[in-house]
Structure formats: C-alpha cells, structure tokens
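On the provided structure of chain A, position chains B, C and D as indicated by the hints.
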Amino acid sequence: MIKAIINYFKEIFTACRTLITGMKVTGYYFFHPKEIITQQYPENRATLQMFDRFRGEVVLLHDENNEHKCTGCSACEIACPNGSIEIISKKEIDPETSKPKKAIDKFVYHLSMCTFCNLCILACPTDAIKMSKSFEHSVYDRSKLTKVLNKPGSKIMAGIKE
Amino acid sequence: MNFNIYDFTEFIISIDNWLKQLLSPGLAKITGMALIGVTFLLFVTLLGLSIVYIERKVCAFFQQRLGPMRVGFWGTAQTIADIIKLIFKEPLATKNSDKFLFNLAAFIVLISPFMVIAVVPFAKGLHALDFDIGLFYVTAVSSLGVTGILLAGWSSNNKYSLIGAMRSGAQIISYELSIGLSLLAIVILTGSLQLSVIVESQRDGWWIFKGNIPAIVAFIIFIIASTAESNRGPFDLAEAESELTAGFHTEYSGIKFAFFFLAEYVNLFIIAAIGATVFFGGWMPLHIGNFTFFNEAMDIIPPIIWFFAKVAALIFLLMWFKWTFPRLRIDQLLQLEWKYLLPLSILNLVLMTIVSLTGWHL
Amino acid sequence: METTIFYIFAIVILIFSVLAVTSRRILRAAVYFLFVLLAVAGLFFLLSFNFLAAVQLTVYAGGIIVLFIFSIMLTSQVNDKLEPIAAKKIIFSLLAAIAGAVVCISAIMTYRFSEPKNIEVDAGMKTIGKYLLSYGENGYALPFEVISLLLLASLIGAIMIAKRDNT
Amino acid sequence: MEDLLNKAETQEYFINMGPQHPSTHGVLRLMLTLDGEIIKKVEPHLGYIHRSIEKMSEKDSYYQMVHLTDRMDYLSCHINNEAVCLAIEKGLQLEIPDRVKYIRTIISELTRLSSHQLWWGVMGMDLGAITTFLYGFRDREMITDIFEETCGARLTMNYNVPGGLMFDIHPNFQKRTKDFIKHFKKKLPEYDELLSGNIIFTERTKDIGYLSKEDAISYGVTGPSGRGSGFACDVRKRIPYSAYDKVEFKEIIYTEGDSFARYKVRMDEMKESLYIIEQLIDNIPEGDFKAKTKAVIKLPDGEYYQRVETARGELGVYIISDNKKNPYRVKYRSPGFSNLSALDTMARGGKIADLVAMMSTLDLVIPDIDR
Numbered sequence: 331m332i333k334a335i336i337n338y339f340k341e342i343f344t345a346c347r348t349l350i351t352g353m354k355v356t357g358y359y360f361f362h363p364k365e366i367i368t369q370q371y372p373e374n375r376a377t378l379q380m381f382d383r384f385r386g387e388v389v390l391l392h393d394e395n396n397e398h399k400c401t402g403c404s405a406c407e408i409a410c411p412n413g414s415i416e417i418i419s420k421k422e423i424d425p426e427t428s429k430p431k432k433a434i435d436k437f438v439y440h441l442s443m444c445t446f447c448n449l450c451i452l453a454c455p456t457d458a459i460k461m462s463k464s465f466e467h468s469v470y471d472r473s474k475l476t477k478v479l480n481k482p483g484s485k486i487m488a489g490i491k492e
Numbered sequence: 002m003n004f005n006i007y008d009f010t011e012f013i014i015s016i017d018n019w020l021k022q023l024l025s026p027g028l029a030k031i032t033g034m035a036l037i038g039v040t041f042l043l044f045v046t047l048l049g050l051s052i053v054y055i056e057r058k059v060c061a062f063f064q065q066r067l068g069p070m071r072v073g074f075w076g077t078a079q080t081i082a083d084i085i086k087l088i089f090k091e092p093l094a095t096k097n098s099d100k101f102l103f104n105l106a107a108f109i110v111l112i113s114p115f116m117v118i119a120v121v122p123f124a125k126g127l128h129a130l131d132f133d134i135g136l137f138y139v140t141a142v143s144s145l146g147v148t149g150i151l152l153a154g155w156s157s158n159n160k161y162s163l164i165g166a167m168r169s170g171a172q173i174i175s176y177e178l179s180i181g182l183s184l185l186a187i188v189i190l191t192g193s194l195q196l197s198v199i200v201e202s203q204r205d206g207w208w209i210f211k212g213n214i215p216a217i218v219a220f221i222i223f224i225i226a227s228t229a230e231s232n233r234g235p236f237d238l239a240e241a242e243s244e245l246t247a248g249f250h251t252e253y254s255g256i257k258f259a260f261f262f263l264a265e266y267v268n269l270f271i272i273a274a275i276g277a278t279v280f281f282g283g284w285m286p287l288h289i290g291n292f293t294f295f296n297e298a299m300d301i302i303p304p305i306i307w308f309f310a311k312v313a314a315l316i317f318l319l320m321w322f323k324w325t326f327p328r329l330r331i332d333q334l335l336q337l338e339w340k341y342l343l344p345l346s347i348l349n350l351v352l353m354t355i356v357s358l359t360g361w362h363l
Numbered sequence: 065m066e067t068t069i070f071y072i073f074a075i076v077i078l079i080f081s082v083l084a085v086t087s088r089r090i091l092r093a094a095v096y097f098l099f100v101l102l103a104v105a106g107l108f109f110l111l112s113f114n115f116l117a118a119v120q121l122t123v124y125a126g127g128i129i130v131l132f133i134f135s136i137m138l139t140s141q142v143n144d145k146l147e148p149i150a151a152k153k154i155i156f157s158l159l160a161a162i163a164g165a166v167v168c169i170s171a172i173m174t175y176r177f178s179e180p181k182n183i184e185v186d187a188g189m190k191t192i193g194k195y196l197l198s199y200g201e202n203g204y205a206l207p208f209e210v211i212s213l214l215l216l217a218s219l220i221g222a223i224m225i226a227k228r229d230n231t
Numbered sequence: 369m370e371d372l373l374n375k376a377e378t379q380e381y382f383i384n385m386g387p388q389h390p391s392t393h394g395v396l397r398l399m400l401t402l403d404g405e406i407i408k409k410v411e412p413h414l415g416y417i418h419r420s421i422e423k424m425s426e427k428d429s430y431y432q433m434v435h436l437t438d439r440m441d442y443l444s445c446h447i448n449n450e451a452v453c454l455a456i457e458k459g460l461q462l463e464i465p466d467r468v469k470y471i472r473t474i475i476s477e478l479t480r481l482s483s484h485q486l487w488w489g490v491m492g493m494d495l496g497a498i499t500t501f502l503y504g505f506r507d508r509e510m511i512t513d514i515f516e517e518t519c520g521a522r523l524t525m526n527y528n529v530p531g532g533l534m535f536d537i538h539p540n541f542q543k544r545t546k547d548f549i550k551h552f553k554k555k556l557p558e559y560d561e562l563l564s565g566n567i568i569f570t571e572r573t574k575d576i577g578y579l580s581k582e583d584a585i586s587y588g589v590t591g592p593s594g595r596g597s598g599f600a601c602d603v604r605k606r607i608p609y610s611a612y613d614k615v616e617f618k619e620i621i622y623t624e625g626d627s628f629a630r631y632k633v634r635m636d637e638m639k640e641s642l643y644i645i646e647q648l649i650d651n652i653p654e655g656d657f658k659a660k661t662k663a664v665i666k667l668p669d670g671e672y673y674q675r676v677e678t679a680r681g682e683l684g685v686y687i688i689s690d691n692k693k694n695p696y697r698v699k700y701r702s703p704g705f706s707n708l709s710a711l712d713t714m715a716r717g718g719k720i721a722d723l724v725a726m727m728s729t730l731d732l733v734i735p736d737i738d739r
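Chains as they are written, first to last, in my numbering: chain A, 331 to 492; chain B, 2 to 363; chain C, 65 to 231; chain D, 369 to 739.
Simulated from the structure, these hints should not be mistaken for lab results.
Warning: the hint list may mix true and false statements.
Said to hold, decoys possible - Cut-off 25 Å, straight-line C-alpha distance, at most; resulting in silico cross-link-like pairs (DSS-like, lysine-lysine): (1) D:Lys658 x B:Lys160; (2) A:Lys354 x D:Lys658; (3) A:Lys460 x D:Lys605; (4) B:Lys58 x A:Lys354; (5) A:Lys354 x D:Lys581; (6) D:Lys543 x A:Lys364; (7) C:Lys145 x B:Lys160; (8) B:Lys96 x C:Lys227; (9) A:Lys474 x A:Lys463; (10) D:Lys618 x D:Lys574; (11) D:Lys409 x A:Lys463; (12) D:Lys605 x A:Lys354; (13) D:Lys660 x A:Lys460; (14) D:Lys409 x D:Lys469; (15) D:Lys408 x D:Lys658; (16) D:Lys605 x D:Lys660; (17) D:Lys458 x D:Lys555; (18) D:Lys660 x D:Lys692; (19) D:Lys555 x A:Lys364; (20) D:Lys550 x B:Lys160.
In isolation and in its complexed conformation, chain A is listed as follows (with noise of 0.2 Å):
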C-alpha cells in the first residue's frame, strides 16, 4: 500500500523530470536566437549562390559571337524521357564546303514537362547544354514555360561536328 503510494509520487516527479528536459532543449533555442536557421529569400537574392551542380533549367550555350555548338544531331531528344525537348532542324548551306548541311532552326524546350534528370546534358556529344543554375520558374501564363533556347539569329560554332 504504501509502496503503490510511494510508486504513485515517483510518477509523478519522473513525468516531470521528462518534461522539464524537453522544455530545456526548446528553451535553449528560445534564448540563442543566434541559432536561427531562417533565410530571408528575396532579400538575400543577391548572396544567394546555388551550388555548381544545380539543375535550374537547360541552357543552350551561347558564346559573344552569338554562336552555339549545337548540331542539331537530337541526341537530347531521344535521351529525354519525357520530351520536354524538341529538336526543329533546318537544312543550311555550310559556307566552307558549300554543301547541304542540318542545323537547328529551333531548339525547342518544355520546362513544364521537364524532370530535371539531366539525361539530356549527359547525351549531348558536343557539349552544346547546360544546366544553369537559376531556379524562379514561376509563370502567370504556362505558355511562357516553353522556350526557345536558341537566340535569335545565332549560329553554329566552325568546328563543331558531329
């Protein structure tokens, strides 16, 4: 009887014991604000340094020329798994050898479609994609997520074949 009693205390004090400790741990970062792991993101947009690796989007490389190594070889297209890229190729006169040559007249890419798998960096032959790092995707209109990553007017870098 008096043990039951004697138990019934114990209880009691050991419930206590567990939930003072916890209220430690919560106190301890109550009063260490230092710990504070919140980033503000838009205002620190312009710190903000995603890693190297980051899959943003595909970008098709552009140097200052206005040219690009892309071939037009749709390696991409077939790599993707979910066709978020079209390859439109156009047949173009290459001015050194004056012969018939493919180019692409649009490279056309779905990033609403796009998983991020980068299949489609790993497929191209020449180099020519990239993954950039930027990642504010959002869109009022889901027809401005399909893109035309080549520039308007660029061509292809001489030397890149096939």
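Okay, now just chains B, C and D, sitting in the frame of chain A:
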C-alpha cells in the same frame, strides 16, 4: 480630472462624477456602461492582435525561425493584415448545417471571456466589477464557454467537428474541478473570494512565496488545468489538427473563424491574469517582508506594469508548453485529471488547511 | 434605471421561454433555454444576490445545459426535427397554461403584499458560508451534509455504470 | 441492471480519413469504422496518386527508367535509383568499380538519415509537437545541401546511372559529410530529450499498435517497422549489396512490436547509419566513377531481381527483358504497400489518435504505395 498612474480609484471616480455632472443620473449610468463596454471591446481586440503576434514570434524563436517579418517592422502589422484578410473572406457554411446555431456558436464562445475580463483587477482601482464572489464568479462564467464549442461542433454537420466538440466538452468539464480546487487553496489563506482583497493580502509577499509548498503545488495544478481548459497544446485535442483537421472549428471561415481564434487568445490572457492575481499578487509589486528600502524601490514601478509583466511571463510559460510537448490522447487526458490532478488538489487543499491552521505560512 | 433593466430581462425571459417551448429543433430549444437561464442570473445580479447568480451560472447554465446539449448531441442529428404537435395537444396544453396563469395572476392580485420593512439582507459570501456550516438556529449543516452524501452516492453510481467494460 | 447496460448498445459509424487529411501525409484514404473514438476497422483506399510508374518504365530505355524511381519513395530516392541500377548491372554482368560502391553506400546512408530525420519531425508533429518538425528539417537541410552540391538536386537527385554514377563526388563532399556527422552527433541527443524520453510521447506510443512477429512476416512488413516486431529483415545484412559487406553495423531489432519499438528502431538506425558513413567516408578508393556501358543498353533475355533496403523497408526491383532496348515488364515491390496492409491489424481497438501515431511509425510515403 486627476490622473495617478499608481492609483486609478480617483481617476475612475472623477470620470464618474464628470458624467453625472453632464448627464441625468440614468443616462450617466448607461453612458458609463457603454464606455466600459467599448473600452473592453477595444482592449480585447488589441489583446487578441498582440497576443497572436507574440505567439507567432515566440513559437518561431522556439523553432529557430524568425516568424513574420514582412508586414511592418519585424512583422508587427502581420496580425492586422490577417484580420483584414479574414474580414474579407467569404463566410462559408456546410450544407445541411443548422445555420442559426452555426452562426450563434461563434458569438457564444466570446461571451464568457468578456464576462470574466470584467472582474480582472488591472491595477489599483482599475477594474469594472469588484464582487465579493470574485473567484467563484470567474469559475462560474468560464464554464459557459464550452456551450459555444459544443454548439459549433454539432451544428457544423461534420463528424470531425462533432468528435472535437465531444472531446472538448469532456475536457473542459473535468478540468474545471481542478482549477476550482487549486484556487480554493489560496482562498483558504486569504479568507475571501474578492479579487481586490486577494491582491491586498499579498502586500507583504506573493502567495506563491508565502504559502509554503501547498501554494506551489496549487499553482502547478492550476497552470496545467487551465491550459487544458483553454484547449491549448498539449491539451489541444479539440482541434487536434493531425487527427481532426481542425476539430470543432473545421467548417468555420472568415470572421467567424476569427471569433474562435480571438476567444482562444483572450482565454489565454484571462488564465494568465487570474493566475497572476491569485498566485503572484496581481498588480502588487514585489514586496519582501519588512525590507522597507527594497519595497519602496519596487513601488516606483507602476502597478499596471507589474500586472502586465506577470501576465506576460505566465503567457510565455503557457506558450513554452504548447511549443514543446506532444498532444495527449483523450483517455490519458481524462486519466491525468481524475487520477492525478484531482486527488492531488484535494490532498493539497487538506495540506493547505493544515498550513493555514498551524500558521506555517508567512 | 433598474426597473428598465428589470423589464429588459423580463422580456428576454418571456421571449426565449416561448421560443424554447415552440422550437421544433431540440438543440435550438436547449440554447433558448440557456438564454432564459442567463437572463435569470442577470435578475439575481440586479438584486445583488451575487452568490445566487453565480450558482445559477455554474449549475444551470454551465452544468445542466451542457448536460442537455451533450445528450442531444449523442442521440440526434443536425437535421432531426420534432414532429409537429397535434392540434388536440396544443389546445389542451394551451388550456392548462391559461388555467395556470389565471391561478397565478389571481393569487398575485388578491394577495396583499406588505411594504418591505427595510430589512437589510446580508447576502455576502461570509454570511452564506457561516450559515451553510452552522449547526445552530437557521444553520444548514444537516442539509449540507445530506446533499453531499447524495452527491457522493450518485458519483459512485456513475463510476459503476461507466466501468462496466473493464470488469 | 446488467441487462439494461447490455441493451444500451452503441452505434458504429463510418468516417473518411483522407484523401485530404493532414496526417495521412498525402492522398491516402482510410475508411474508418468507429465506435465512439475506438477503431473497429480500417480500410485503406489507394489509387489517388497512381502514376503507373511501372508501365511508364516499359516504354523507357534503361537509362531513362531510373529517374522515375525518384518519384516513388521520394524520401529514399537514391536507394530506389540504386536498386534499379543494381538490377540492370546484374543483367549486364558489369563489374562495378569499388569507388562507385563506396559512394553509393555513403549516399544511401545519408538518404536513410535524411528520411529518418524527416520522419522524426513529422512523427512529433503528428502527435502535436510541432517544434520537432522544424528541428528535424534543420538537420536534414545539411544533408540536402550535400546532395545538392554533389548530385545537383535536393530531393529527386537521379545520381545513379546503370554502370555507376552520373558524376564523380564533389571535392567538398567528404568535408561536408564529416561536418554533418559532427553536427548531427551533437543534435541527436536533443531528439531523445525532446521526444523519446517525454512522458506524453511514451504514453502515446508504448503498447499502442501492437504487431506480432508472425503478423509482420505474413504481411511482409519490412524495414524498421518489421524490425520493431522482431523480424530480422535487413537486406543490408542478409543479402549485402554495394559496400555493405565491407562495413560493420548492427541490425537493430526490437521485439516489443509496438509503436515505441518502431520509433526506437529508427532512432538507433540513425546512429548506425552515422557509424557506417564514418567507416567509409575516409576510405573511398580511387578509380572511375562509372563502368563502361554502351550508349544503348540491351539486357539479355531473362528475369532479374534485386532487393535493397530503403528507409522504409525492402524494395524489390523485378525486370523481365526480351533483349530490346526497353524492358518487357517491370515490377517494384515497394515497402510502403506491404507495410500499409498491416495497418488494419494494428489499429483495431485503438483510438483515432493512436491511428495517427501508428501511421507515423509505419512511415508511409503515399507515392511509394501507389507508384
């Protein structure tokens, strides 16, 4: 009109006299009542807004976050923005619900906090009512709030709401006992239920210090039971969002939801206010026995600041509970009350009687 | 001033009691009844019988009504309506009510109320407390004990009923 | 008197928990039959997020089908990827460089850790302690940073390709991982202080949701949920793959079979995962990060099966090939689906609040169940 921050009695009387000079006696009384009503309405609204902001900030700091930061400096205008949003939201009602009771419930939950807040002594002479049944009135009126919750749950025509309301009903009715008994422990010492007398009796030290061990136990029981009665975590079973989505107020939206929200936070304030008044001397500054110098130094701080500081400390404690502990299950909740708190508070009451009779308290 | 407030309470009581009886939704009736009880508590406050008012609030508004609502919640649905009352019943109950009212009103009219003789009724907490536990003249110690015994018995009975599963 | 009490029968009622409900963690619909708050029957209703990943895999090449598994059990996506890659490599009989095996194992364990951290946070939140959620995410953030730097994505990272890895590890990988281990070893005791020891938590989980060892085996409950019932089912120990045969670790087994045992298994597993990573992180051998594979993989005719241990239990990948560039038939044996099947047995007689705790300790990921 003489305004004294240490004693509001003359200030209130002078307002009363001024009204009586201007108006006929009947009209003066009505104007006085309206004045008090409007003051409390404003006070409760401000209170709701500020406590919601404080809660969000405190919770954020417990969780290593910053909390609202965008609207106003450090997010201070966030709750105002929220209220504006809630006012403009469409008030929805479920099909086949009892619309009349559904709308009424939101108001009924607000009745009891308004009625209780009338007796809270904010500072010397600053209270709307000073009953000789003070504490009894508080416990009596605070039992009204459960009706609103039950009605809200039932009239929503939603099974989750109904379960939430049932839980909350069982919870509030059982925890009322412990609250009453733990407050009684102090009433034994003061010999009065009148809140102003209770505050005056702590002139030479607060009851939590003077009242020996039983006072501390009574305070612990009070704080646990009142957390449960106000449906706050870890006792927030009535709105347990992981089980019942939002419990009894699942179907409420817009301003009616805001009423439930407001009632919860005003209840939080009332609990802290009653706790501070009974155990921590209300507006009475910290006095230690006969240390005249120390006591006079403490008296420099106005009583109203003392009161709100104590209330803030208790509110912080309740928030600390909420943001640390997991939620109890309904049977454990009732077990805690009937198996632990109630026997303990009865035992504590007996102990307190012994302490009081033998004069072991200071 | 106080008469005005008294009449406001009286009207509230009248309206809500009629509503409570005529409402065909049972929970609404309970809520109207709650308002009646609240207004009665208001009357007690008006008479400055504070203790009685608080008791009215705890026991009736806080206890009995909650019990009513609980049992209604457990047994009926939101859309349940009581059946319309048969005309016969309405007539008979109206007759009974009118008869009752006539008896009451005639009694009130004929009885000569004596002028209140300025007896100060001390209804403070201290007095009530002393009378409740005093065993002298006008003491209520015996009824108090009897009631507490009754409550204890009903408590034990409730526990016995609730415990049936575990035995 | 007895007669009267027995006559007062209660009425059972039916309630839909989900598909939109805060604690089903997705679009799972549980049809509950209740008596008051006591559960009489739980009927899970699936299919609200079915995306036919298995069927889609049949149209994809072997390179392409890997990334779909990211979206099954998104909390252990690397392990899912690894499973598919291992199955394909088995079919090709490829020799995988040791470096790949080591890196895969380290990242698998990091994935398991991040999954368990998230589970711990969510478990606390399901029981009403919202703060745990933030603490769990705080520590998980460091792991997702490691993933982002090395694999390029935080959640659906698709780091494995048949034959190896997509790229070599980032130069910072080892340092970051070691930093994380140091950090997390300090924070893990906090987890215990905040939840494991808490009287409310233990009361809510001990002796709740009992699942016997027999039931666990017959329902195929694997992973931490199965090991909480004493079912020694750790694939890493039984049929080691990747570098698990090269490391020491304990298979955590509790025999109580209640929610608390399942909780404890995961808590201890986090320590074991840290231990495994510690053994491997400094000893990653030099070498290629990918074995040579052809641009178009064609598996020889036949059936291939590979099982791995995800954070939730045993994931089986079953591929039938007819020597074409895409598989003839693919079937995933997902742990979540089998674990969910035991929910009814566990939940009967419990309360609604217990059901939430049980679902948490089963650690359900709905896309894993529906695929």
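Against the earlier hints, flag every one the structure doesn't satisfy and list their numbers going up. Of the numbered hints, 1, 2, 3, 5, 8, 11, 12, 14, 15, 16, 17 and 20 do not hold.
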